[in-house]
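Participant: Please model the entire structure based on the sequences and the hints provided.
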Amino acid sequence: MTRFKTEKDLVEELSKQCFFIKTHNYLNWCSLVGQEVGGYFGVPDLLFAVSRLQVEKPSFRAIAVEAKLSAWKAALVQAYRYKAFSHYSYVAIDNANIKPALLNIDSFRRSNIGLLSIAYDGALTLHHRPKFEYPYCLNLTRKLQLEVIRALNNDTASSKTSAKPLLRPVSFCH
Amino acid sequence: MTNIYHQMGHNWKWNVDSLQTDSCGDGLIIGPRYTERHKVESLPKELKRRSIFDPQFFLPATARGKLSTYDFFPQVMSQNFSTLEYNETFAEKSAETCLLFQKNNEYEKCIIPCRLILNSDSEDFIEEQSKLFVSPFLKQATNLQIKQPILLQIILTERILRDAKFTSALLNWITSLDLISGCYIIPYLPSREKQIKDPDYLISLMQFIHDLRSNNMEVIVGYLNTEAIVLLAANPTGIATGAYENLRAFNPQAFTDDDRQKRGPVARIFVVRLLQWIDNRYLRPVEQSLKWSRPTLDDSRYTPLWATPDFNWHFSKPEIYKHYFSVFMPLLQTLGKMPPDAIIPEIKDRIETARGYFDKIEKAGVVLAHNDDGSHLPFWLTALNLFTKNL
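Taken in order, these protein sequences are the chains called A and B.
Take the first sequence: its letters are residues 1 to 174, numbered as in the numbering used here.
Take the second sequence: its letters are residues 1 to 391, numbered as in the numbering used here.
To be clear, the hints were calculated from the coordinates, so they are not data collected in a lab.
A couple of the hints might just be wrong.
Simulated crosslink set (EDC-like; lysine to aspartate or glutamate; CA at most 20 Å straight-line) [to be verified]:
1. B:K291 to A:E133
2. A:K73 to B:D373
3. B:K363 to B:E287
4. A:K143 to B:D124
5. B:K337 to B:D349
6. A:K73 to A:E7
7. A:K73 to B:D359
8. B:K45 to B:E88
9. B:K360 to B:D279
10. B:K360 to B:D349
11. A:K73 to B:E362
12. B:K360 to A:D106
If you want the ones that stay clear, here's a sample from chain A, every Cβ over 12 Å from chain B, calculated [claimed, not checked]:
13. R3
14. Q17
15. C18
16. L69
17. V77
18. Y80
19. H87
20. K99
21. L102
22. D106
23. F132
24. L140
The beta carbon of each residue, even a glycine, is placed where N, CA and C say it ideally should be.
Facilitator: So this is what it looks like as C-alpha cells:
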C-alpha cells in the first residue's frame, strides 16, 4: 500500500476535495478555505468556511480538519479544540495507518468528531460523520465570522493582524 | 500547622491585595527581582513581620530587574564581577548588609541565600554553599545578634533529589549547622509539564521535607503550583504559591540576562474541585459535562468578574490569579490545620473526587489537552500512597 510521505502531502490532497462541503450540503454557499489557520484554538490543517450572504440573516458554518499520517490520539485532541469555533471537526488519517483509529472509533463518536481516511490516490472513506453542533466558544466563533466576512468582501484593509486573509474563496464542483 | 505564603513576583501588588483585602494566605515571600527596595521597605510593618525576604542570589553575577536596587546584591557590591570571582571577601560584605536589611525590616525569618548549582557532587555543593553563603551569613548573624529564626535556602535540583547519597549528605550537613532553624526549599524540575507527573520526584521531595521535620527543623517550600496540596502530607511549616507560572515553578531564566521576549501563556482559570488550571476556551464544555453553572464554578468574589461572556481573557489579568488565591489558599489553610492522621486521607479524597470529575468530563466526550486534563492526579495518588507506606 502506498503511503503519504508527509502530512503536507496529505493536506494538499484533502484541500482539493469538495468532500466536506458536499457531505454537509453547503455546495450552494460561498466557500472559503485556509491552511494552517492560526489565531483561534489550535491550528487546523484545513479550515473550510461557508456563508450565505444573500439571505436576510447572514449565517456561516465552519468545518475544521486535522490531518495526520498516523497519530490519531493527538489528532483527536487537536480536532476537539477546533470545535471551539467550528460546526464540524474532522480527523483525517492516511488510509495506510487507519486501523488504530478505527479501533478507537467510539472516542470519535463520543466527542462528535468526524473520522475519515484518505488513500494515496485521493480516495476518501468516511468512518464517522459528525453531527452539526454549535461551536463551544462564542468569542472565537465571532472572531472567525468576522474573518469570513472580511475574506468574502476581499477586505484586506480592515485586518489588524495580517494583510493577507487567512481564508481564500474557493469554488467546488456543483 | 502549615503557613501559606504568597510567592511575590511581577505585579506583586495582587498578592498584597489578596492577603490584606481577601485575607488569603498568611504572609508573603518577597522577591527583590520584581520589587524595588524602597517599595519593599515601605510595606506595612505588620505585613513584614509575617513575611520572608528571599534575597534571590541564585545568579549572583546578574542583578536583573529590581535586584539592582539592593546594595547587598553581589553584582551591585562589585560592578563587573563574574560569578566565578564571587569570593569570601564579597560574601562577608554582602552577608552583613543583607542580614541587616532583613533584621531591620523585622521579617518573620532571616534567609541565608544560595546560588543555583546544577552540576556538582555533594561535596563540592556543600563546600561552595558553605564558603560563599552559610559561613559568612552565620558569622554575621552572630555579630548582628539576629533574633529571627534563620532559614537556609536550598534549591533542590533533580540531581540532588534523585541521588540518595547526595540527599543524605545534604541532610547531614543541614542538621549539623548551629543557629539554623530550618530550610527554605525551592524545588527545581526543569523538564516538568505544567503539573508534576513524576511520582518518584514527589516522593523524594516529601521525604526530604519529612526528614527535616523529623529533626525539628522548620521547612518552607517555595514556588509551588497545585502540587502544594500533595506536599502538605509531609507537614512542612510553610508553602508558597504565586500568580504567574514562573512563580509556581522555579525558573532561573527569569534571573538571567536573556531578554528574549517569549509569548505569554494562554489564560487559564484554576478550578479547585478539579485541582487543575483549565484553558479558558475549554470552560464551557467542562461546565456542561459536569452540569456546573459558571456562577457556582468555584465561587469567589472574582468569579462574577471573569465569568462573563465579554471577559477579555489574557494571562495578565489580575482576576484569574486573585480567584486562584481565593479558592486554593483557604483549602490549603484548612488542610494545613488538620491533625497529621487526618490530612493524608483528606488530600487523597480531594484527589479522588477530582479524578471522578475528570472521568465524567471524558465520558461526555470532552477531549482536554494534557496540560488541562486530570492526568497528573493518578501520579499524585501513587506518590501519596508510597510516601505513606514509607512513613
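Participant: Now tell me if each hint is right for this structure.
Facilitator: For each hint, the structure was consulted:
1. For a cut-off of 20 Å, the pair hint linking K291 (chain B) to E133 (chain A) stands: about 18 Å separates their Cα positions.
2. Pair hint K73 (chain A) plus D373 (chain B) holds up; C-alpha atoms about 14 Å apart against a cutoff of 20 Å.
3. Under the criterion of a C-alpha separation no larger than 20 Å, the hint pairing K363 (chain B) with E287 (chain B) is consistent with the structure, at around 13 Å.
4. Note on K143 (chain A) and D124 (chain B): the hinted pairing is violated, with a Cα-Cα distance of about 57 Å set against a maximum of 20 Å.
5. Restraint check for K337 (chain B) and D349 (chain B): satisfied, since their Cα atoms lie roughly 17 Å apart, inside the 20 Å limit.
6. Simply put, K73 (chain A) and E7 (chain A) have alpha-carbon atoms about 16 Å apart, close enough for the 20 Å limit, and the pair holds.
7. Of the pairs offered as hints, the one joining K73 (chain A) and D359 (chain B) holds, with about 17 Å between alpha carbons and a cut-off of 20 Å not exceeded.
8. Between K45 (chain B) and E88 (chain B), the direct Cα distance comes to roughly 33 Å. Violation of the 20 Å bound is thereby established for this hinted pair.
9. Restraint check for K360 (chain B) and D279 (chain B): satisfied, since their Cα atoms lie roughly 18 Å apart, inside the 20 Å limit.
10. Straight-line distance between C-alpha atoms of K360 (chain B) and D349 (chain B) comes to about 17 Å, which keeps the hinted pair within the 20 Å bound.
11. With a C-alpha separation of about 13 Å, the suggested pair K73 (chain A) and E362 (chain B) falls inside the 20 Å cut-off, and the hint holds.
12. Between K360 (chain B) and D106 (chain A) the CA atoms are separated by roughly 16 Å; this keeps the pair inside 20 Å, and the hint holds.
13. No beta-carbon of chain B comes within 12 Å of the beta-carbon of R3 (chain A); the shortest separation is about 26 Å.
14. Separation of Q17 (chain A) from chain B is adequate, the least Cβ-Cβ distance of about 25 Å exceeding the 12 Å criterion.
15. Every beta carbon of chain B lies more than 12 Å from that of C18 (chain A), the smallest distance being close to 28 Å; the non-interface claim holds.
16. No beta-carbon of chain B is positioned within 12 Å of the beta-carbon of L69 (chain A); the least distance is around 20 Å.
17. For V77 (chain A), the condition that its CB be more than 12 Å from all CB atoms of chain B is violated, with the nearest at approximately 5 Å.
18. A cut-off of 12 Å between C-beta atoms contradicts the statement that Y80 (chain A) is not in contact with chain B; the least separation is 4 Å.
19. At roughly 15 Å from the closest C-beta of chain B, the C-beta of H87 (chain A) stays outside 12 Å, upholding its exclusion from the interface.
20. Separation of K99 (chain A) from chain B is adequate, the least Cβ-Cβ distance of about 20 Å exceeding the 12 Å criterion.
21. Annotated as non-interface, L102 (chain A) keeps its C-beta farther than 12 Å from every C-beta of chain B; the closest such distance is 17 Å.
22. Residue placement check: D106 (chain A) does not keep its beta carbon more than 12 Å from all beta carbons of chain B (closest about 10 Å).
23. Taking the minimum C-beta to C-beta distance to chain B, about 15 Å, the non-interface status of F132 (chain A) holds against the 12 Å cut.
24. With a least beta-carbon separation of about 7 Å from chain B, L140 (chain A) fails to lie farther than 12 Å from that chain, contradicting its non-interface assignment.
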